[in-house]
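Novice: Using the sequences and the hints given, assemble the complete structure.
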Amino acid sequence: MPESLRVIVAGGGTVGLRTAELLDERGHNVVLIESDPDQSERVAAEYVASIIEGDAARPAVLRQAQPDRCDAIAALTDDEATNFAVCMAAQRMADIRTVMRIAGDPDELYPEYVDGVVSEATLTARVAVNEVVGGGVRSIEEVGGKVELLEVEIAEDAPAAGKTLAEVRLPRGSLIVVDAAGERIGGPETELTPGKRFLVAVEGAVADEVMNLLRG
Amino acid sequence: MSHAGERAPAPTLTLLDATMVGIGAMIGAGIFVLTGLAVETAGPAAILVFALNGGVTTFTALSYAELASSIPRNGGGYAYVREVFSAPVAFVMGWTRWFTYMIAGALYALGFASNFIEFGHIFGVALPGGVLFWAASVVLVFVTLNAVSTAASGSAETVITLVKIVILLVFVAFGLQFVDLGRFSPFFERGNPLTMLPAMGLTFIAFQGYDLIATVTEEVEDPERNIPRAILLSVATTVVVYLLVVFVALGTLGPDGLAGAGETAIAQAAEGFMPVFPLVGTGAALIAFGAVFSTISALNAVIIGSSRVAFAMGREAQLPASLGRLHHRFGTPFVAIVASAAVMLVAVAVVPIRVVGNLASLFSLLGFSIVNLSVIRLRRQQPDLRRPFEVPFYPVTPILGIVLNLLLGAFIDLTTWALAVGWLVVGGAIYVLLSRRRGGPAGPTGALKPEISEPEVTVPTED
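Taken in sequence, the protein lines are chains A and B.
Mapping of the first sequence onto the numbering used here: position 52 corresponds to residue 52, and the numbering continues sequentially without gaps.
Mapping of the second sequence onto the numbering used here: position 80 corresponds to residue 80, and the numbering continues sequentially without gaps.
Since the hints were made in silico from the structure, they are not lab data.
Remember, it's a predicted structure, so these values are computed and weren't measured experimentally.
Here a beta-carbon is modelled for each residue, glycine too, at the ideal position from N, C-alpha and C.
Just so you know, not all the hints are guaranteed correct.
Stated by the list, open to error - Only some residues are given here: those of chain B computed to face chain A with a beta carbon under 7 Å:
(1) Pro72
(2) Arg315
(3) Arg325
(4) Gly331
(5) Arg386
Specialist: This is the structure in structure tokens:
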């Protein structure tokens with residue numbers, strides 16, 4: 001099953017924008033809500049998401065992002081109360097996975113209300129992406145500016161499932177580094193067994209294609 | 001131009017490249033293949049047919065520009081409609097867009113074959129095999145190329161398109177001196193301006209190439225500004241070139257001559273007045289060469305376009321998921337390309353060229369109506385959506401687009417409508433079967449819930 005998600009990102013600051021970029025690179029569809037016109041223009045120039053200009057905490061604005069058609073919402077503004085309100089409102093509107101950004105140490109009660117929390121103290125966009133996307137693919141590290149290290153589980157019916165690396169031609173700009181258990185460096189004879197996890201280094205521009213081959 | 005799932009990191013298309021993608025798909029079909037047929041239906045008024053079609057398509061082009069600037073998605077009209085409408089409407093749009101590209105491919109293949117054989121005649125070579133043989137061969141060759149490797153780069157496409165334009169401008173430059181205005185009267189040969197309407201429907205397919213720009217938006221640099229520009233520029237350029245060429249062809253060969261020449265009309269017009277060039281030979285040879293070259297590049301463009309729509313639909317679970325996969329070795333949407341090729345070959349073999357043109361035009365008209373409607377609906381649904389480009393004189397422009405597109409569609413003959421309905425019924429059956437198997441409505445909502453992992457608080461420690 002292709003895994004193209006529809007995701008709402010509330011907040012187009014550095015974290016929100018980078019989250020939208022990473023999601024877009026992996027072939028997901030993003031709608032971003034940002035109230036500041038200057039900031040939304042900056043995000044628009046990246047051309048990674050449709051942008052709704054307005055306050056995400058206002059239901060009339062949030063509704064325009066069509067939560068009922070989306071798989072997840074990531075509330076990533078720098079205001080914890082706003083983020084919480086956005087998640088709550090979205091849950092009232094639709095059956096949707098909610099992820100919120102918090103300022104300090106996590107409140108132990110949050111898990112009762114939202115599906116994922118990213119803490120500002122250690123916040124990076126890829127943590128937010130991991131929370132949004134859920135199992136199967138996890139972002140491990142961003143190496144420099146363009147390359148990401150991902151942990152990918154080979155999906156059952158993916159085009160590359162059950163093939164060896166010699167049979168599969170991964171696009172230039174990607175490399176299977178090692179299996180996730182850290183036992184073997186990837187080589188031509190490495191078999192991409194469904195269910196097994198691998199560490200994959202991938203440039204943003206080909207992330208979508210690599211996901212398509214490994215995840216279907 | 002490149003595939004969904006480019007092998008090398010995405011190339012950046014400049015404004016010129018993006019414009020040429022659109023022009024490349026438009027110039028090559030209408031002008032070489034359809035001019036003769038249009039004149040047969042409308043007489044000298046064919047020139048007005050092309051002008052009016054240019055006007056009609058401009059309304060839709062403006063809508064495309066607004067949608068492309070605000071919805072950053074590859075996939076063309078289908079992607080926009082998917083964004084605005086429910087799954088079944090998007091399915092109809094994708095299904096008809098896919099078919100339009102495939103039918104257009106059949107049309108270009110047939111146009112290629114006639115002109116290729118004509119090309120042989122000019123050099124005194126009688127090519128073996130008939131039109132069907134060459135049309136099927138060229139489809140097979142280009143489908144194979146596209147299935148096993150990614151296409152030529154954006155700049156190669158730009159060069160090819162520039163060559164096409166230059167060849168046509170040479171034709172115009174020589175022909176203008178020989179134009180006999182007397183050939184334009186009586187202007188409405190059948191005595192009635194209404195004869196233009198069927199001819200408009202027939203040739204409308206020649207004005208849909210800008211949809212292709214919308215399928216490669218993510219590879220264009222500074223897209224929110226350049227895509228609207230590229231769309232409008234490509235339509236404007238195409239209309240000007242068409243009008244010049246049709247004017248010269250009508251003024252030199254005359255309506256009767258053009259009508260009789262069918263798919264090779266422009267080449268035959270060139271024979272009348274073009275001088276003999278060194279190396280290439282007669283002017284007719286140059287034009288025939290241009291026609292062969294143009295139809296091939298247009299064919300390549302629609303093979304990419306058709307496979308990309310099928311690929312996008314497969315990814316959105318609107319068609320079998322195998323269409324939305326890349327081949328593990330070639331990195332191309334292999335199944336989508338092969339499926340498109342199969343339909344193209346059937347169309348080449350069994351459907352007459354006039355019906356092929358009509359069908360493609362009808363589906364374009366219907367699809368474009370939905371695109372115009374999307375602009376209106378999106379403005380209502382998402383008033384605060386950021387729209388770097390806005391349709392001027394909203395809502396008059398998109399409404400005119402809808403009305404005019406439907407009006408032209410109404411003048412397409414019943415046989416074509418019957419075929420069209422047939423294809424929609426096939427699509428509907430597939431759609432119902434697919435959603436039954438999934439046990440829910442098609443589309444990302446419902447069908448594609450993410451794997452919800454345990455609600456967890458992430459306090460990452462690894463960084």
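Novice: Please go over all the hints and tell whether each is borne out by the structure.
Specialist: Hint check:
Evaluation of the B/Pro72 hint against chain A yields a held restraint, the C-beta minimum of about 4 Å falling below 7 Å. Restraint check, B/Arg315 versus chain A: the minimum CB separation of about 4 Å is within 7 Å; hint holds. Proximity of B/Arg325 to chain A holds as hinted, the smallest CB-CB distance being about 5 Å (cut-off 7 Å). For B/Gly331, the interface hint holds, the least distance from its beta-carbon to any beta-carbon of chain A being 6 Å, beneath 7 Å.
With a least beta-carbon distance of about 4 Å to chain A, the hint placing B/Arg386 at the interface is held under the 7 Å criterion.
Against the hints set out earlier in the document, no violation occurs for any number.
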